[in-house]
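Peer 1: The residues making up each chain are set out below.
2 protein chains.
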Amino acid sequence: MAVYKAPLRDMKFVLNEVFRADQLWASMPDTRETTPDLADAILEEAAKTTEGLLFPLNRQGDEQGCHWHDGEVTTPDGFKDAYKTFAENGWTSLTGNPEYGGQGMPKSLSVLFEEMLHGSNTSFALYPILTNGACLCLDAHASEELKQQYLPRLYSGEWSGTMCLTEPHCGTDLGILRSKAIPNDDGSYNVSGTKIFITGGEHDLTDNIVHLVLAKLPDAPSGTKGISLFVVPKYLPDADGNAGERNGVQCGSIEHKMGIQGSSTCVLNFDDAKGWLVGEPHQGLPAMFTMMNYERLSIGLQGLGLGEASYQSAVDYARERLQGRSAHGTQNPDSNADPLIVHGDIRRMLLTMRAWNEGGRALASYVGMQLDMAKFSDDPETQEKAEERVALLTPVAKAFFTDRGLDTCVIGQQVFGGHGYIREWGMEQFVRDARIAQIYEGTNGIQALDLIGRKMARNGGQFVQDYIADIRQWLSEQADNAVVREFAAPLERAVATLEEVTHSLMTQAQEHPNVLNASAVEYTDLFGLVTYAWLWARMMAAAEPKSGDGDFHDAKLTVGRFYFQKMLPRAWSLAEQLQAGDDAIMALGAEAF
Amino acid sequence: MAVYKAPLRDMKFVLNEVFRADQLWASMPDTRETTPDLADAILEEAAKTTEGLLFPLNRQGDEQGCHWHDGEVTTPDGFKDAYKTFAENGWTSLTGNPEYGGQGMPKSLSVLFEEMLHGSNTSFALYPILTNGACLCLDAHASEELKQQYLPRLYSGEWSGTMCLTEPHCGTDLGILRSKAIPNDDGSYNVSGTKIFITGGEHDLTDNIVHLVLAKLPDAPSGTKGISLFVVPKYLPDADGNAGERNGVQCGSIEHKMGIQGSSTCVLNFDDAKGWLVGEPHQGLPAMFTMMNYERLSIGLQGLGLGEASYQSAVDYARERLQGRSAHGTQNPDSNADPLIVHGDIRRMLLTMRAWNEGGRALASYVGMQLDMAKFSDDPETQEKAEERVALLTPVAKAFFTDRGLDTCVIGQQVFGGHGYIREWGMEQFVRDARIAQIYEGTNGIQALDLIGRKMARNGGQFVQDYIADIRQWLSEQADNAVVREFAAPLERAVATLEEVTHSLMTQAQEHPNVLNASAVEYTDLFGLVTYAWLWARMMAAAEPKSGDGDFHDAKLTVGRFYFQKMLPRAWSLAEQLQAGDDAIMALGAEAF
Chain A
1 MAVYKAPLRD MKFVLNEVFR ADQLWASMPD TRETTPDLAD AILEEAAKTT EGLLFPLNRQ
61 GDEQGCHWHD GEVTTPDGFK DAYKTFAENG WTSLTGNPEY GGQGMPKSLS VLFEEMLHGS
121 NTSFALYPIL TNGACLCLDA HASEELKQQY LPRLYSGEWS GTMCLTEPHC GTDLGILRSK
181 AIPNDDGSYN VSGTKIFITG GEHDLTDNIV HLVLAKLPDA PSGTKGISLF VVPKYLPDAD
241 GNAGERNGVQ CGSIEHKMGI QGSSTCVLNF DDAKGWLVGE PHQGLPAMFT MMNYERLSIG
301 LQGLGLGEAS YQSAVDYARE RLQGRSAHGT QNPDSNADPL IVHGDIRRML LTMRAWNEGG
361 RALASYVGMQ LDMAKFSDDP ETQEKAEERV ALLTPVAKAF FTDRGLDTCV IGQQVFGGHG
421 YIREWGMEQF VRDARIAQIY EGTNGIQALD LIGRKMARNG GQFVQDYIAD IRQWLSEQAD
481 NAVVREFAAP LERAVATLEE VTHSLMTQAQ EHPNVLNASA VEYTDLFGLV TYAWLWARMM
541 AAAEPKSGDG DFHDAKLTVG RFYFQKMLPR AWSLAEQLQA GDDAIMALGA EAF
Chain B
1 MAVYKAPLRD MKFVLNEVFR ADQLWASMPD TRETTPDLAD AILEEAAKTT EGLLFPLNRQ
61 GDEQGCHWHD GEVTTPDGFK DAYKTFAENG WTSLTGNPEY GGQGMPKSLS VLFEEMLHGS
121 NTSFALYPIL TNGACLCLDA HASEELKQQY LPRLYSGEWS GTMCLTEPHC GTDLGILRSK
181 AIPNDDGSYN VSGTKIFITG GEHDLTDNIV HLVLAKLPDA PSGTKGISLF VVPKYLPDAD
241 GNAGERNGVQ CGSIEHKMGI QGSSTCVLNF DDAKGWLVGE PHQGLPAMFT MMNYERLSIG
301 LQGLGLGEAS YQSAVDYARE RLQGRSAHGT QNPDSNADPL IVHGDIRRML LTMRAWNEGG
361 RALASYVGMQ LDMAKFSDDP ETQEKAEERV ALLTPVAKAF FTDRGLDTCV IGQQVFGGHG
421 YIREWGMEQF VRDARIAQIY EGTNGIQALD LIGRKMARNG GQFVQDYIAD IRQWLSEQAD
481 NAVVREFAAP LERAVATLEE VTHSLMTQAQ EHPNVLNASA VEYTDLFGLV TYAWLWARMM
541 AAAEPKSGDG DFHDAKLTVG RFYFQKMLPR AWSLAEQLQA GDDAIMALGA EAF
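These protein sequences, in sequence, are chains A and B.
Each residue of the first sequence is one higher than the one before, starting from 1 at the first, in the working numbering.
Each residue of the second sequence is one higher than the one before, starting from 1 at the first, in the working numbering.
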């Protein structure tokens, strides 16, 4: 059966031993209160909540799903009570702005909590995670009045939030959206249009639902430069700020999906619904990106969390299931078969899962710390550098975490053999739940285009070059570490490969307008592999002084070696593929497919 | 929405232009009647049946699923009538032995039909495909009396067949199975035990269900050498050979699965059920392997068929869905967006799917022809060589087709963006239906162990060396073909890489008993990539003389180039990974996972 325990030991290793997050937090006024003890206490409470409250609802939530009746949506049994407890215990306000009732915790801590949320119950996780994103967007762009009106109730968990972008004819291409907003005399707007695929668009968990909606003003320029952002609550706040009169937004239906059955995915019909502009007219898309960038990392963590859950379950099964004999001779003489875990192929599968998960956790923490520096540092240069690094790595995290998340869940299911295909065992749910993360919040193809276009080519490769310089700098600083010496050559090869391919693609792009689009996904995979090589080297460097314990730190070195020997080489093939250009991709006429 | 058309043009290309199957059929007495015209007619009728009768039941079959009530199983609406029509039209007897009512068609033809079956409706396909396998096993191993009793009604489709191997505590490791068979005085046996995961173990499509059951005789040696095979019908044949008295086998429940919802997956309880020995006592496993080897290729075709269906659907969507503008400038000025198919990344996805599908179709046909030579040739040397080739390539086909089948279905789903995750669109069903093919009929890990152990190491790499020699022989014969010259170097590199890795693994295995197990899956992937390189070269060589038509044959060359430039390089990485040995895999203690 599927199991889930928050991987606290590994989380603390990454935070405290690899990245010394405590030192960063202590160095900035707004995060100074996050002492190592407080951080540990939060992680331990988070573990209790996710293991004890959310994971037990995961399997049943999948079987029951959400149900729509006459505009109302019922979530699976237990979700409503759990949400109440969850909110009362403060989990909906963890990173919120303290001026409006948030707890102001650093992102480098909350990424670990979000991983736990997704690992224990992705369907449930999506409600608070969308709410967090909506808060971030309002906090950054809304008027003081709107913030006062919405943020405290969103942080408290009484209300929840959504993001309403997609329409039936447009997903990726928001420039062609049709929803309209007509100004009223009182400063509000009447918003009309149909939005689809709205996660948490309607449900029974909270007293009110606050929609952030993209729509066009009557005088809007065409394309993405004519999109504005509105806050449109399900119930209009009354004079006391409570949920009052019903607004003109209705849930027309919910989708029947492959997975995340406990998460309602709604068609929302806005019919002269009252809304208020967030930020400036026609500046809705950049404002929404505040939310989307946040969500992209969070959705990345969906892949990682589910990968971790799948790994733990697969290890459990591989230790218990007796099948076949070790190639090394009988290991379990008391029975007529050895446990699966003696077999090289099973170990290869488990190590692959683990190397993806732990590499991903390190990257999530790294990006989390960069987000903290961007938000909390008082040094403009540090801030700017951190913002650039976040911009560069967010699409990598979203796409690579979720692609590897699916891979990992598929492998975990495979370890279970036939039982992996049977619903009761829970392993196939991880696969179905993980699959959406490659699609929503901008498909992974879109993430890859963001990386190769906006983040790489548009600034002449400067972000990439800065990143490579940092890796080389780290390598030279670590020249005395025995384990780093062991992997300095392949890590330098990885970095040089990324550098060469980056230059090659920019050169190719001068003559081949399609080459960046055609190369984006492979480039992102290469980028992810090289990044994990660096992070594995950092983890090994941190583990090395404590190795020889026959335990945690030794295992870290072994998994790191596995990564370098058995997973990183994929990078060399990707480089060759990318160097081959786009001729074979663009040659075929559309009719010849 | 998902679509399916049998890819007749491509099937005929492989059969007639690449492999000249007509020449092979004409050269052997038992296949001489399969003229090109007859083969075309069969394929065209097969297309009509799969497109018109089976595909329309596919989506609804997934939604309805099978239902169990008090030991009886109801299949989805329409399955029963469709099965009747299907059988009446002769599709259940296509490759059957003519002595008992079969049509004796060559396997190289029927692999294409099986691909259509799986592509149009995998759940439905499993009932006749299991039946075919049971027939093959009975035909090869049963007594004349049993053959007379069972084969005609199985070929006619009045009865269906199953294979009963797995028990709750043993799947892969059949040596530890517990089902028992006690001899009766009349030459029959009383079979008792519980079998799980029995595809088509109970259903409402046929008048009788004929189970082939592995069980142990009272005096059986332990392990796999003590397993015998029995035929155990649901209804005992009466004096006229019709389904008579109910036998002691009951369906205890059906599984709730990730996919193939229209296929019943049953727990079968045998309680002193009357059965008859098939073949010799304790020789059940080799006899069952007759069926399993057949099924393995057929289940490989499940991956291929679903990959084809997913490809066609994705192409359809990519041509129709308007989203974004081409990097090359506006392609569709009549609308505010271009079709998806203009984008390099979408094309990369479609070409990847197509290259896997067409490479797989070529391998299926190649293996089909080898099976025909093994079965129908009157030259013992030809037969033996063909048998060896089939032995070598069957695990590759099963594992590589189904792994690439899942990859392909996942890509196809990705092309649909958010709609790919919604059930009504049908793309996520392909993914769920494809997933089981990597697990059942021996997991792909087991296929890989079969390849690297029995088929490679056990004979000192001789089968692999013979295969490599044939590829090199072909290359030297084709030295004048312009397109072969273009790819002679990478194909030779691919072959040399496989050769080197094969030698390296045999050397490593002398000191490292786990290395074959730990390397099996990567070796199979390498084997598959190299094999497809050869087959793509063969397809390109066949297409080249007809190229310049701006149509089918030109497209073949383009997709072939894509394969060599963008897919084959993965082989070099796999080789590096395999050369790295198993140290990092075996080092970790079981408790450290």
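Wrong hints could be hidden among the right ones.
Note that identical chains are pooled: a pair holds if it fits in a single copy or bridges any two copies.
Only pairs whose alpha carbons sit at most 20 Å apart, straight line, appear in this in silico SDA-like list of lysine to any residue [claimed, not checked]:
id : residue 1 : residue 2
1  : K84       : E384
2  : K216      : Q261
3  : K225      : S326
4  : K80       : E33
5  : K274      : L24
6  : K225      : A327
7  : K147      : D81
8  : K274      : A469
9  : K225      : R325
10 : K216      : P286
11 : K375      : W572
12 : K385      : M1
13 : K385      : L24
14 : K48       : S222
15 : K48       : Q473
16 : K12       : R32
17 : K80       : M28
18 : K180      : N481
19 : K12       : Q473
20 : K225      : S335
21 : K216      : S335
22 : K375      : A496
Derived from the structure by calculation, the hints contain no laboratory data.
Peer 1: Taking the hints in turn, state whether each one holds.
Peer 2: Verification of the supplied hints:
1. K84 / E384: Neither: 39 Å inside a copy, 71 Å across copies.
2. K216 / Q261: Classified as neither: same-chain Cα gap 32 Å, cross-chain 44 Å, threshold 20 Å.
3. K225 / S326: For K225 and S326, only the inter-copy Cα distance (19 Å) is at most 20 Å; the intra-copy one is 63 Å.
4. K80 / E33: neither (32 Å within a copy, 69 Å between copies)
5. K274 / L24: Classified as neither; 44 Å inside a copy, 75 Å across copies.
6. K225 / A327: Close across copies (19 Å), not inside one copy (64 Å); limit 20 Å.
7. K147 / D81: Classified as neither; 27 Å inside a copy, 63 Å across copies.
8. K274 / A469: Neither. Shortest intra-copy (51 Å) and inter-copy (75 Å) distances fail the 20 Å Cα cut-off.
9. K225 / R325: For K225 and R325, the Cα distance is within 20 Å only across copies (16 Å; inside one copy 64 Å).
10. K216 / P286: Only inside one copy: K216 and P286 sit 14 Å apart there, 70 Å across copies, limit 20 Å.
11. K375 / W572: neither (36 Å within a copy, 44 Å between copies)
12. K385 / M1: neither (45 Å within a copy, 46 Å between copies)
13. K385 / L24: within (15 Å within a copy, 68 Å between copies)
14. K48 / S222: The answer is neither: 50 Å in one copy and 48 Å across copies each exceed 20 Å.
15. K48 / Q473: neither (40 Å within a copy, 65 Å between copies)
16. K12 / R32: The answer is within: 18 Å in one copy meets 20 Å, while 72 Å across copies does not.
17. K80 / M28: Close neither inside one copy (38 Å) nor across copies (71 Å); limit 20 Å.
18. K180 / N481: Neither way: K180 and N481 sit 60 Å apart in one copy and 61 Å across, limit 20 Å.
19. K12 / Q473: Neither way: K12 and Q473 sit 25 Å apart in one copy and 59 Å across, limit 20 Å.
20. K225 / S335: This pair counts as between: shortest inter-copy Cα distance 18 Å, intra-copy 69 Å.
21. K216 / S335: Classified as between: cross-chain Cα gap 19 Å, same-chain 69 Å, threshold 20 Å.
22. K375 / A496: So K375 and A496 fail the 20 Å test inside a copy (31 Å) and across (54 Å) alike.
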